[in-house]
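Engineer: Each chain is listed here by its residues.
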Amino acid sequence: MVYLENDAFLNELVRMFSKSKVKGNGTVYVIMKKFDGTKRAASPVKKSSGSNKQKKTQKVSEESSPAHACLIRAKLQNRKIATLVPAKEVNRFQLAYCSVLRGNMDALKKTKKNKSKSVKATS
Amino acid sequence: MYLKTYDDWEKAAERLYLQDPDKARYSIIYQHNKGLFKVKMTDDATCVQYRSESLQEFKKMEKFISNLLRHMASTEH
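Residue numbers (this note's numbering), protein chains in the order written: chain A, 11 to 133; chain B, 1285 to 1361.
A couple of the hints might just be wrong.
Derived lysine to aspartate or glutamate pairs resembling EDC-like cross-links, with alpha carbons at most 16 angstroms apart [as the list claims (entries may be wrong)]:
1. K1322(B) - D17(A)
2. K1343(B) - D116(A)
3. K119(A) - E1341(B)
4. K1318(B) - D116(A)
So these bits of chain B aren't anywhere near chain A, every CB distance computed over 10 angstroms [said to hold, decoys possible]:
5. Y1286
6. T1289
7. A1296
8. A1308
9. C1331
10. E1337
11. Q1340
Derived by calculation from the structure, the hints in this document are not laboratory data.
Backbone N, C-alpha and C fix where the C-beta goes; we use that ideal spot for every residue, glycine too.
All chains should be modelled from the sequences, with the hints used to inform the complete structure.
Structural biologist: Right, here's the structure in full:
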């Protein structure tokens, strides 16, 4: 899967949320996961298959993963997007990401306020 | 497995994540027409879920998300 830039991902996420509202039956999935640069799907190297191979695979994975990151995926029906957030970008991304989520989940209710009001009304 | 209160969920999810940060994944599912969101933390063996319609609880969740994001992106623990 192609990883989008952080900002492009957020823009796309906003578009997904608004699309899900228009269609009325949309469900947005957002998945967060730790990413260490290695592909989990790759089959593990057997111990008996010689140390050379093992060294090679280890090198490759180390080179491709200089830093740890957080993998974020989002899905709406068939559309899937993904991004990697490196440690450097966390602060900036977190603010934008949370505001996108909060801003778009506007069908949620303010239940607690209503409850306290009704309690006051009855007492 | 759905938990009844948000605080229970948060504790359970945190424990699950810290057990094995590499395996755990966290998802938010938002259904606009029903006006609810679900959150899930799983490591493919156990799974803790929580479902809510409250905006207030989502705001609490935001703090959790921020911490989690920071934790996931940080280098070795």
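Engineer: Going through the earlier hints one by one, which of them does the structure break, listed in rising order?
Structural biologist: The structure conflicts with hints 1, 8, 10 and 11, although it agrees with all the remaining ones.
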